[in-house]
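Generate the whole structure from the sequences, applying the supplied hints.
2 protein chains.
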Amino acid sequence: MAYVNTNFTKVSESYLFVEVARRIKAYQEKHPEAKIIKMGIGDVTRPIVPAVIEALHKAVDEMGTAAGFRGYGPEQGYAFLRDKIRDFDFKSRGIDIESDEIFVSDGAKSDCGNIGDILGTQNIIAVTDPVYPVYVDTNVMAGRAGDFDGIKYSQIYYMPVTQANGFVPALPDRHVDIIYLCFPNNPTGTTLTTSQLKVWVDYALREKSIILFDAAYEAFITDDDVPHSIFEIEGARQCAIEFRSFSKTAGFTGLRCGYTVVPKELVAYTEDGKPVALNKLWNRRQSTKFNGTAYIVQRAAEAVYSTEGRKQIMENIAYYRENARLMKETFESIGMPAFGGKNSPYVWIKTPLDSWTFFDRLLDECHVVGTPGVGFGPSGESYFRLTAFATHEATREAMERIKQWKL
Amino acid sequence: MAYVNTNFTKVSESYLFVEVARRIKAYQEKHPEAKIIKMGIGDVTRPIVPAVIEALHKAVDEMGTAAGFRGYGPEQGYAFLRDKIRDFDFKSRGIDIESDEIFVSDGAKSDCGNIGDILGTQNIIAVTDPVYPVYVDTNVMAGRAGDFDGIKYSQIYYMPVTQANGFVPALPDRHVDIIYLCFPNNPTGTTLTTSQLKVWVDYALREKSIILFDAAYEAFITDDDVPHSIFEIEGARQCAIEFRSFSKTAGFTGLRCGYTVVPKELVAYTEDGKPVALNKLWNRRQSTKFNGTAYIVQRAAEAVYSTEGRKQIMENIAYYRENARLMKETFESIGMPAFGGKNSPYVWIKTPLDSWTFFDRLLDECHVVGTPGVGFGPSGESYFRLTAFATHEATREAMERIKQWKL
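Protein chains in written order, with my numbering: chain A, 2 to 408; chain B, 2 to 408.
No lab work stands behind these hints, which were simulated from the structure alone. The model shown is predicted, which means the values in this text are computed figures rather than measured ones.
The list treats identical chains as interchangeable, and a pair is accepted whether it falls inside one copy or across any two copies.
Computed list of lysine-lysine pairs in DSS-like fashion (alpha-carbon distance at most 27 Å, straight line): (1) Lys153 x Lys275; (2) Lys59 x Lys312; (3) Lys36 x Lys351; (4) Lys92 x Lys265; (5) Lys39 x Lys407; (6) Lys85 x Lys281; (7) Lys11 x Lys265; (8) Lys153 x Lys281; (9) Lys11 x Lys281; (10) Lys343 x Lys199; (11) Lys312 x Lys92; (12) Lys343 x Lys39; (13) Lys275 x Lys11; (14) Lys39 x Lys351; (15) Lys199 x Lys209; (16) Lys343 x Lys312; (17) Lys26 x Lys281.
Here you go:
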């Protein structure tokens, strides 16, 4: 008899986006004339920039010739890309990361999910609340979460990030082994300053914990005191893994490329306290259960670092940022506190209603769609997420409607 | 204190290809004049065919326009590709597989490795010997292998496939839960007929076991009585998962695309015997820990099924097949039994020496490199693997040298 991994049966079904889609559909059927503007989806919309398109065409042509064809590549990524990442994302900021600490992959979601492979199932996990559901669900699947009571898992430590604490999570009041931090944050759009992040590095060093730092939204950072990488903090090489993505940086959501940094100093422990280096283990995991990212996609990622490529992707980021600025300003102008939207494509609104009621009224009265904050966790209740990925025109139109809105 | 997954520390280091590379390098340094022909690597060499290149360029252009841009796609793959797979790889052979039983991925290696996520760690695993190391190593990582004694893992059931049993593994003499079968086989290049595979399906149905069927080399099949899919066998929908790849079929080793078929009837059990459907669990795994394969790569895979694409990839397969035929014939002509090479790009030679001595003498006396069979498992001792992926010219030259060889 083949046995199932019963932990999978404990994963709570997420109806968030399904329910959002259902309500939109029902509304549109009842009100076919309504011009609904969707600002709920966390996916980019601007096309891939010309420098990257050019690199893709060139790499495709190579693959069609005997001399240029590339078969299996290094599972860790080609040196041409890893070296560019090292130089532009780290060395240029004075951060000491070597190419063999960088593992190129098909995206940060895969890596965030797969990193658990190399960690023991007995680790106590801490997540912020609200939270990107992948951190929780992958730990449920691995048997680290305990039982679900309809709101929370019994063995996961939840750290609220709300207006009450300025969206800065408090240190746990007990020991935790693994801490997921995503800053700039999804869904709140808020950030930690260098000194606020240092508190976490110090905790992790003291407790021999590991921080899994998700920096997928790094490209949106404008403030000087917001770290682009956790490795800007002294000591982070001893306690952190960082996930990066080209998805939001360069619109690669449909091209699939990201990378993970595992410093050579980083260790986790056996039950009897023997340290084991995680760089080597992640290398072994990726070599065994992954066969590298497509060559043409790695050439595309390389082009993101060219002079033209950088200029072009920053124009796209600026485009989204202008949307975010306008959205934040609009909600504040009608008396609703709005967070994020500056170093992030997400605007997180504190509503006077519960999240789903706000959703229904915004849809009904403004024909604008967003995502109920409670869908990201209990501390997201009465919050609401809007994304800056619509066009300028759609964003302006939506904000005009909201300015006229009598809630 | 963050804990490591100590199972990772049990993975035996594979020095096979490292040692092969070391010996080649040492030899070449000592004999710089030697024209070494490499026939050890299991990677294709023919460029991507024109129909696929054209589809890639078209998809790249789409990604550069606002109208054609595609962001996050379905984690399971786009319908345009899943439907083509269903029609051409299954329906056309009279096999009843639906599109929502097909999960497109970045390759069969990822899927072979990740499938263990949804299966309990208490399952007893059976593998053929010799074997593709990924099946074993991923189970070591998951804690299903026991301890390594230098040759075998204590909890894995090994099924020899050798000349003695005609490369047809015998049914286990005890119950096993999960059975890995790869046919056409890597490394032996041998196949099972439909009736030989049916024995395994019947066993799995009787024992409520699951067969993980790796059909990565399916495109090389020429014999009529060799099944292209395990789902040609009645009852397989109740007991099998199948892995497929565009790597060997269409030269996608550097483009990364494969797929996995999980029938809706297939279940695994909880400890107390409750059946759980695996299609839904794999869907959940992929939705949570994977974000789909690049759109442009899926368009490339779609083009493999076009009239032109199919014609062009079959020309490449025929090219490799002709190499394999010549290699098999050559070794037989000098009195060494050679297997595979007909429905497979691999030729598996029974040598009169141990695998590594044969390696050294073939390198020294013919300047030809292959892979020592013992590197794939203890039952591979005294065998030797050659691959058909060199050019015609290099293959002919290597075979001429071997014909003159006095071993």
